[in-house]
Structures are given as C-alpha cells and as structure tokens.
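Number of protein chains: 2
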Amino acid sequence: MSLLVVGSVAFDAIETPFGKADRILGGAATYFSVAASYFTHVSLVGIVGEDFTEKDAAVFKGRRIDTTGLERAPGKTFFWAGRYSENMNERTTLATELNVFAEFKPLLPEPYRKSEYIFLANIDPTLQRSVLHQVTRRPKVVALDTMNYWIERTPEELRETLRHTHILMINDAETRQLSNEHNLLRAARHIFKLGPKVLVIKRGEYGAMMVHSRHAFTVPAFPLEQVHDPTGAGDSFAGGFMGYLASAGRVNEAELRRAMVYGSVMGSYTVEKFGLDRLRSLKRSEIHQRARHFSKLTQFTL
Amino acid sequence: MSLLVVGSVAFDAIETPFGKADRILGGAATYFSVAASYFTHVSLVGIVGEDFTEKDAAVFKGRRIDTTGLERAPGKTFFWAGRYSENMNERTTLATELNVFAEFKPLLPEPYRKSEYIFLANIDPTLQRSVLHQVTRRPKVVALDTMNYWIERTPEELRETLRHTHILMINDAETRQLSNEHNLLRAARHIFKLGPKVLVIKRGEYGAMMVHSRHAFTVPAFPLEQVHDPTGAGDSFAGGFMGYLASAGRVNEAELRRAMVYGSVMGSYTVEKFGLDRLRSLKRSEIHQRARHFSKLTQFTL
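For the record, the sequence lines run as chains A and B.
Here numbering that gives the first Met the number 0 is used: the first sequence runs in plain steps of one and ends on residue 301.
Here numbering that gives the first Met the number 0 is used: the second sequence runs in plain steps of one and ends on residue 301.
Chain A on its own, in the form it takes in the complex (with noise of 0.2 Å):
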C-alpha cells in the first residue's frame, strides 16, 4: 500500500555524551521514510537547499522511497542544532535554522495523490491539511505528529487538522498539554473527541502505549546498555508504526499491536548509533530478531 510522508529534511549538529556530529543528516521526513521503507513503498514530500548533494541523498537511493515530492529550493536546507544531557534524559536546543522550510508550501506529486496511508510528520498544522487537501481519495489512515509549538501558537489550526485525522502520534507530555489532563487514559478520551480514534503516546525510554476507544496495549523500549543518539528515534518508531500497517493493508487490533512493535524495533536500533548511522545499515533479519526479543522481553502465561 502507498505510504506518503511530509515533512523536514534537514541537517543537524548533535552532541552526546558518545560524540559529535556538526553536521549529519536528519529531519524527520528522512528517519520516517528510511524507517519505513523497510516495509513497504514511501512517497516523500519534503524541501531541502542548494546544500544538500548528491552525497547527502544517497539515503533514499536503493530504497524504496520515491523522491519526486522532495523539492529543491534556492537557499540552505533546514538546521537543528541540540546537545543532549549526560543521561540523555534531557536536550537543549543551540540552533534552528529554518532556511528554506520557512517557505516550505508541501505539493503532492500526481501519483502520490492516491496514497492511502499518510504520515503528517511535525510541521505547522495549516500545511498538514493543506496536504489532506491535494489527496483525490479517502485515505485509509492518516496519522500525524505535532509538538508544544503548535499546541501553544496555532490551537485552532491544530484542531481543525485533528479533525482528520486518524491517528495521533505525540509524546506524553504532548497529550498533557493538549489535552490539559495529566492523566493519560483522561487525556486519550478528551483526545478522541478532537478527532483522532487512536492515540499513540511515545514515552520515551519508558516506550509507547496505544490507546484507542476502552482498549491499551503497551510496548517497553527496548533495553540498550547504551544509547549514543536519541534523535529521531520517534520519527523512525512512526516510520516502522505506518511502514508495517501500510505493508499489513489492515487496520485492527492484531495489526496495531504489530505495528507498535515494529515501530519500538525502528525506534530502538535507531539510538544505538549517530543519525541514521543504524537505521539506513539495517538488514530486515535483524529488524524481525528485534520484534521477536520485544515478544521475550514482555510475554508471559497465566
């Protein structure tokens, strides 16, 4: 099934307690479809500058990630810059460069107009239904990230674009804020009133929990003796969550759960190494090895 992405392509300059990196590729967009595209086919929609090479986007090459959407403008691409804390619990922001995302006007493609499951990575919400608008069918699943910015600086537009909107894939603290609930349950249920039918709530090195009309199911992160990268962990978990539900053509209980394991299996190799070190040198053996340690890690019997 066609999977279709939209969002930031960019550079960032990390520093871990394991080392440093002034400038490696990142941005959402590019951990969701390299995650992804172990699953299944992604159409990318994305903008990067004049600084991005041939080098930079042999990412997506081999992949199965269709490129056509990812626009060049005249300008630098966006750059983030952070540095993480010794335990990685907390990360400071040093830089945001939007570049040419400040003008970033998303502009689907024609074939990807088609595509039933989409991924709303986090951009201003306005633009995230400016993507729904181009889609000529209903899509199947739309699911969409979003953060304390847009919470806080575009309420209104935020609602309106949850009103389409499928699935809701934010951190905890996200769903406290937005749903101004501290309790989780509490806040899934004020949630579901804006639109969304399930709520993925990503937790982090504590892992994710679903939760959907009177059910949950939750899934630990997996246990690392060592992290040397958070960044993109929660887009590359989006990419396995969307990547494995696009593959299985089914939205149900069974499948979900699945796809919340795939995703935590993304998420976890993903911080095992800088960027995308990991995740771009995966083989599909490993990522299915992973799924089956989560079963380990987690099943029991009564």
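Just to be clear, a hint being listed does not mean it is correct.
Claimed, not checked - Computed footprint of chain B on chain A; a stretch qualifies when at least three of its residues, placed anywhere within it, have a C-beta under 8 Å from a C-beta of chain B: (1) 200-210; (2) 253-259.
Stated by the list, open to error - Across the chosen pairs, the derived CB separations fall in these ranges: (3) 82(B) / 96(A): 53 to 61 Å; (4) 253(B) / 49(A): 54 to 62 Å; (5) 172(A) / 109(B): 52 to 60 Å; (6) 61(B) / 213(A): 51 to 59 Å; (7) 97(A) / 158(B): 48 to 56 Å.
Hint data in this document are derived by calculation from the structure and do not stem from the laboratory.
Positions of the beta carbon are idealized from the N, C-alpha and C atoms, including for glycine.
Place chain B on chain A using the hints.
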C-alpha cells in the same frame, strides 16, 4: 510455602489531591502481608506501640497472616506523614517519628525460623541481616528492599547484606544510586556482582522491569483513570510478587514473570483508594481478572 516478612507497621498521615487522612494504618510489612496473604501464608515480624488497637490489628485477622512475631512495645507506633504533588509524581515527607521502631530488634518466633521465602522490607541492613542469622534452614528466596538513606549512610552494611540476597527489589533512582550507573542494564550487571541474581526495578507509573543474567522482562503499570493514593504501591507489589512465588513453590523464568504480573496487579489495586482500603477488600476473582487485563495490555503475536 512459608513466607516471612520483616518490616514496618505504621500509622500514616497522607495528603493527595484526592483527599486527606490523618492517621491510617500503613507500613511496608502491612501492605506486603495483606497483599501476599491472597496467595500464601505469611509470617509477620514487626513492632507496634501501645496505641495500636485491636481495631488496627483487624486488618490481619481472617487472613493467612501469623502475627505472633508482631511485637508490642511501650511507646507509640512508627508514624509517617507525607504529601503528594498534584500529579502524584513527587512526595514530600512532612514527618517521620520512629517511636518504638527506633529500638526494633527483629526476633523470629521459633516456627518462623524455617521460612523458605523471606522478604526483608526497607529497614537498617544490619537488622535485615540479623533476620537471616535467625533462619535455621537455607531459604529458597531472600528478597530485599532498601532506600537512599541506607545506600548513603551504611553502604558497607548494605553490601554485606546484599551478599545473602537473591532478589533485590528497588526503584530506578535507588538502582542508579546503588550502582553509580544510569543505564539500567549496566546497573543490573554491577548489582549482580554484589550478590543478587535477580534485580526487580520498580518504576512507578511506568511499571516494573526484571533483569537477571542476560534476560530482561518488563511489565507496565496498569493504566488507571484515577490514582487516589500511591502509598504502599511498591510494598503491595512486593507482596504480590513474593506471595505468588511462594505459592508457586518453584523459581524459574515463567514463575518469576507471573510473579511480576501479580505484583503489578496488587500494586495497581492499592493505589485505587486510600491506604489499605482497596487492598484489604479484594476478591480473588478480581486479582485474576486484572492479571488477565495485564495480558490484554501487553500481549501481541508476530
């Protein structure tokens, strides 16, 4: 199988966003005993003062709890007062009056000395060790809880006691403090060198994780719409865990996992009401029902 617990019996004053109690029965050994008694026979060792009435003792009556080892001493019972923050994430201790607990010297009645399952609740590690010296038969399982106070103040005594401990059951902050290691897998490896073969890490609203040799197992906290009072959750977890394990009579991977689930079941019930109100009124059918809910919450097929 016989299960021995040594720890505090106390009166608590508790303030949470859901209410206030000036003086209700509490203490680690109390929560532990009541939780464990749903699974097996419990032998309790603790100390109370003259203010501990028949009405207070009623919580132990009609259950499989032997209180021969509950000493009555001149003076007042241990008293603790605490207040939880709006989100229940933090608690402030307002008062700690040791009273008779300051002179507590655990003495095991003769029939207790053959206990095969032993839980040493959070008390002075020297006293914890004195309990083990009184046991005449090599116990099957010695589990231990401790806290920052002992980790900081009596590290050598704690180390000596840990040498005789099979299962260490502490929270994540204590795990990190004891091992001087933030990563929980590496922390576990450090702790295994001190004696314990199994580490059970209690993570509050995020559930619990068990690590032993090269395996890990996680169980989430049960998602509840309202948590009224977190007091005693960890001790109820320990009671469910050890009670189940003693009732199973075997210690293997499958039983340890079930113990994690039943521990989580008991902890999740405790927080639903103030103090022991919910825990003491449970039906066995409710315990099994929630264990099945834990299955639904975590299980998936690949």
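Structure-based check of each hint:
For the region 200-210 of chain A, the stated coverage by chain B is satisfied: 5 residues place a CB nearer than 8 Å to a CB of that chain, which reaches the threshold of 3. Residues of the region 253-259 of chain A with a Cβ under 8 Å from some Cβ of chain B number 4, which satisfies the need for three, so the listed coverage holds. The hinted range of 53 to 61 Å is not satisfied by residue 82(B) and residue 96(A), whose Cβ atoms lie roughly 45 Å apart. About 60 Å separates the C-beta atoms of residue 253(B) and residue 49(A), a value consistent with the hinted range of 54 to 62 Å.
Remark: the range hint 52 to 60 Å for residue 172(A) to residue 109(B) is upheld by a beta-carbon distance near 55 Å. Distance hint check: the CB atoms of residue 61(B) and residue 213(A) are about 35 Å apart, inconsistent with the given range 51 to 59 Å. Restraint check, residue 97(A) to residue 158(B): a C-beta distance of roughly 54 Å satisfies the suggested window 48 to 56 Å.
Going through the hint list in order, the structure does not satisfy hints 3 and 6.
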